[in-house]
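Trainee: Turn these sequences into a full structure, and let the hints steer you where they fit.
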Amino acid sequence: MTDIIKVDNLKREFIVGDQKVLALRGISFTIRQGEFVTIMGASGSGKSTLLNILGCLDTPTEGEYLLDGISVRTMSKNERAKLRNMKIGFVFQTYNLLPRTTALENVELPLMYNSAVSAKERKEKAIQVLEAVGLADRMYHMPNQMSGGQQQRVAIARALVNSPVIILADEATGNLDTRTSYEIMSLFQKLNSEGKTIAFVTHEPDIALFSQRSIMLRDGRITKDEKKTKVASAAESLAALPKDEDEMVSIAS
Amino acid sequence: MNITNLFKISLKALVSNKFRALLTMLGIIIGVAAVIAMLAIGQGSKQSIQDEISKMGSNMIMVQPGADMFSGGARMSATANQSLILGDYEAIKDQSNYISAISPLVNATGQSIYGANNWPVSMQGVNQDYLSIRKYNVASGRIFSEREIATAAKVCLIGQTVVTNLFGEGSDPVGKSIRYNKIPFEVVGVLTEKGENGMGQDQDDVLLAPYTTVQKRVVAITYLNGIFCSAKNEDVSDKAKTELENILRSRHHVKAGDDDDFHVRSQSEMLTMFSSTSQVMTILLAVIAGISLIVGGIGIMNIMFVSVTERTREIGLRMAIGARGIDILTQFLIEAVLISIVGGIIGVAIGVGSSFLIKSMLHWPIVITSSSIVLSFAVCTFTGVFFGWYPAKKAANLDPIDAIRYE
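The listed protein sequences correspond, in order, to chains V and C.
The opening position of the first sequence corresponds to residue 22 in our numbering, with each subsequent residue numbered one higher.
The opening position of the second sequence corresponds to residue 5 in our numbering, with each subsequent residue numbered one higher.
Please keep in mind that the hints were generated in silico from the structure rather than gathered at the bench.
Bear in mind that the values here come from a model prediction, so they are computed numbers and not experimental data.
Treat each hint with caution, since some may be false.
To be verified - Among chain C residues calculated to face chain V with C-beta under 10 Å, some are: (1) L10; (2) I13; (3) L321; (4) M323; (5) I330.
To be verified - Beta-carbon label-pair distances, calculated as ranges: (6) V/G195 <-> C/S20: 25 to 33 Å; (7) C/M365 <-> V/Q166: 48 to 56 Å; (8) C/F386 <-> V/G38: 41 to 49 Å; (9) C/D406 <-> V/G195: 14 to 22 Å; (10) V/D227 <-> C/W393: 45 to 53 Å; (11) V/A157 <-> C/S20: 23 to 31 Å; (12) C/T313 <-> V/A140: 27 to 35 Å; (13) V/E152 <-> C/F386: 43 to 51 Å; (14) V/D240 <-> C/D406: 20 to 28 Å; (15) V/E100 <-> C/I295: 39 to 47 Å; (16) C/L30 <-> V/L262: 51 to 59 Å; (17) C/T313 <-> V/G195: 19 to 27 Å.
Stated by the list, open to error - Straight line, CA to CA, 25 Å or less: simulated SDA-like cross-link-like pairs of lysine to any residue: (18) C/K12 <-> V/S139; (19) C/K22 <-> V/P120; (20) V/K41 <-> C/D406; (21) V/K144 <-> C/T334; (22) C/K398 <-> V/I36; (23) C/K16 <-> V/A140; (24) C/K16 <-> V/A137; (25) V/K146 <-> C/S14; (26) C/K16 <-> V/T122; (27) C/K16 <-> V/Y161; (28) V/K103 <-> C/Y410; (29) V/K144 <-> C/K12; (30) C/K12 <-> V/Y161.
From the three backbone atoms N, C-alpha and C, an ideal C-beta is built for every residue, glycine too.
Mentor: Printed below as a string of structure tokens:
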């Protein structure tokens, strides 16, 4: 299997005032094609900085980062924008859908920045991925007409539409209740089983149970990088939840 | 990202904020409408002055005795000058190459009397050419003949105002006899109505007689009050003027460097003179209207800043999924230009509409030139680019990491 992500002794410094803050102090790991990796850590552990670098939004101060065999460190802003457009699918905690824009148009968005894709292809591809995330009947709904879980599915469809080499999810279940979280995780697991490579940043240990591998970060260093022998199935966990969970949550809140 | 896609995105953003976009446009709409209407009014008044002046005569050149002449130490008024004589008229007639018609002018003031009616009118002693020079036509009767000029016959042509005041409106006085300063004159013709000229003078309050008659029988003078000529066409008007000056200068023995003892004025000079005042007005109005366009532009800039701030997360997302700085810049720039162009189109419509409204309500002369439309349109497009640039640049320079988590 090929290496999708390969980082070697990654360091990232920030200058805050006169002080040098070391967010990443030398990180090395490899993510291979078809892996489902969770990156875990408390706040301040450097996981956001790492995700920004993996997502080509930021560049490391030191160390090498190869995305699908391409060295990112010396790339210009525009080159990285193009790379993100072609190789990466982002899923954010707050969905980040465009308001007053239909699900379909939201999903089409990444392809609009790729002039090689025609309007017809774009629409076909968007419909295809929306069907894959189970939103065939919601294509022309606006974000405010959908639940959080549905909005996140649209966001996942948007991340899939450019056929990326890796999906980077940043606390993708952070704004969702347990039941919906499990639904989303089961979608991620399904995508992974279909061959998608996924890197999932989270601070919730129960979410990490659904991945095959967990990387723990602390103070800018990897403290643990373990492959799991047993991966929990999100679909099964979902079925195991009490039926009236939603009601209980609404009463509790 | 191709430009069509960016255009769609920008259009969508505007449509989803219709009311705000409209309010922003309002500044541009008012500015453009003002520019168009002001230029229409300015051009209209200029045009009407030009029309009035051209109605005064056909390529007319006037020679008047010069001012600033001293006679025994007392300064004389221009009309009291006696520097122009019949010899000058004849010399010009013989020597000039650019003149198609020429008439001497001798003025007399007095009272015209017919029956129980009397009317003060200035008598103008002229020849037959005078009618074509001043664009007078004979409504009924005839012009006085060469023979009548030679014999200083007591005949006259009268304008409509004189007809009305002496004979009553609509009557035909041809063949009747009037008295002017107690001298009887036969009315041989009536002039067609001409109306007021650009300076508000009644051009129908006129009594024309042969210049010989006026010189010999009415005022008993040998000099002329002026000479009127028509240049052959508009293009030679200036040449004709120079030629007249040279002829008169040599006849009057004016030494090089000395002041002329006469004035030559052409109609085209008057045109320039009167147009220049309205030109200044037009520029002034256009500047005021232009300022409102700038204010409109600042409105666009303001709203674009609000829009950029409000859509920071959207910008962050677009960057994360592959939009380059230039894509974001273009998107916001198109938005600003769309506002200004749509505002410009509405503004042109309102400007043209209100111009016609002014025309029909106030009866002001209105001239809408295509150049004023093109100009205001170009300016408002430029305004959109100019004032949209900075907010768009700000959007393009956002850091996607910060922008996407912006609250």
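Trainee: With reference to the structure, classify each hint as holding or not holding.
Mentor: Okay, the hints, checked on the actual structure:
Because the beta carbon of C/L10 sits about 9 Å from the nearest beta carbon in chain V, less than 10 Å, this interface hint is met. Taking 10 Å as the C-beta contact cut-off toward chain V, the hint placing C/I13 at the interface holds, the least distance being around 7 Å. Interface hint at C/L321: satisfied, since its Cβ lies 4 Å from the closest Cβ of chain V, which is below the 10 Å cut-off. For C/M323, the shortest C-beta to C-beta distance to chain V is roughly 7 Å, which falls under 10 Å, so the interface hint holds.
A distance limit of 10 Å between C-beta atoms decides the matter here; for C/I330 the minimum to chain V is near 8 Å, and the interface restraint holds. Against the hinted window of 25 to 33 Å, the Cβ-Cβ separation of V/G195 and C/S20 comes to about 28 Å, which satisfies the hint. Between C/M365 and V/Q166 the beta carbon distance is about 51 Å. The supplied range of 48 to 56 Å therefore holds. At about 43 Å, the beta-carbon gap between C/F386 and V/G38 stays in the expected band of 41 to 49 Å.
Checked against the hint of 14 to 22 Å, the pair C/D406 and V/G195 passes, with Cβ atoms roughly 19 Å apart. A hinted range of 45 to 53 Å holds for the C-beta pair V/D227 and C/W393, which are about 50 Å apart. Take V/A157 and C/S20: their Cβ atoms lie about 25 Å apart, and the range 23 to 31 Å holds. Evaluation of the 27 to 35 Å hint for C/T313 and V/A140 yields a pass: the beta carbon distance comes to about 31 Å.
The beta-carbon spacing between V/E152 and C/F386, approximately 47 Å, falls within the hinted interval of 43 to 51 Å. Remark: the range hint 20 to 28 Å for V/D240 to C/D406 is upheld by a beta-carbon distance near 23 Å. A hinted range of 39 to 47 Å holds for the C-beta pair V/E100 and C/I295, which are about 45 Å apart. At roughly 55 Å, the beta-carbon separation of C/L30 and V/L262 lies within the given 51 to 59 Å, and the hint holds.
Against the hinted window of 19 to 27 Å, the Cβ-Cβ separation of C/T313 and V/G195 comes to about 25 Å, which satisfies the hint. A threshold of 25 Å between alpha carbons decides the hint, and for C/K12 with V/S139 the separation of about 14 Å falls inside it, so the pair holds. Proposed proximity of C/K22 and V/P120 is supported: the alpha carbons are some 15 Å apart, at most 25 Å. Taking the CA atoms of V/K41 and C/D406, the gap is near 19 Å; set against the 25 Å cutoff, the hint holds.
Restraint check: the Cα-Cα separation between V/K144 and C/T334 comes to about 23 Å, which is no more than 25 Å; the hinted pair holds. Between C/K398 and V/I36 the alpha-carbon distance is near 23 Å, which keeps this suggested pair within the 25 Å criterion. As the CA atoms of C/K16 and V/A140 are separated by approximately 16 Å, the hinted pair is consistent with the 25 Å bound. For the suggested pair C/K16 and V/A137, the alpha carbons sit about 22 Å apart, so the restraint of at most 25 Å is met.
For the given pair, V/K146 sits about 23 Å from C/S14 by alpha-carbon distance, which is consistent with the 25 Å threshold. At most 25 Å may separate the alpha-carbon atoms for a hinted pair to count; C/K16 and V/T122 meet this at roughly 9 Å. Between C/K16 and V/Y161 the CA atoms are separated by roughly 15 Å; this keeps the pair inside 25 Å, and the hint holds. Simply put, V/K103 and C/Y410 have alpha-carbon atoms about 23 Å apart, close enough for the 25 Å limit, and the pair holds.
For the proposed pair V/K144 and C/K12, the alpha carbon gap of about 15 Å is at most 25 Å, so the pair holds. Taking the CA atoms of C/K12 and V/Y161, the gap is near 17 Å; set against the 25 Å cutoff, the hint holds.
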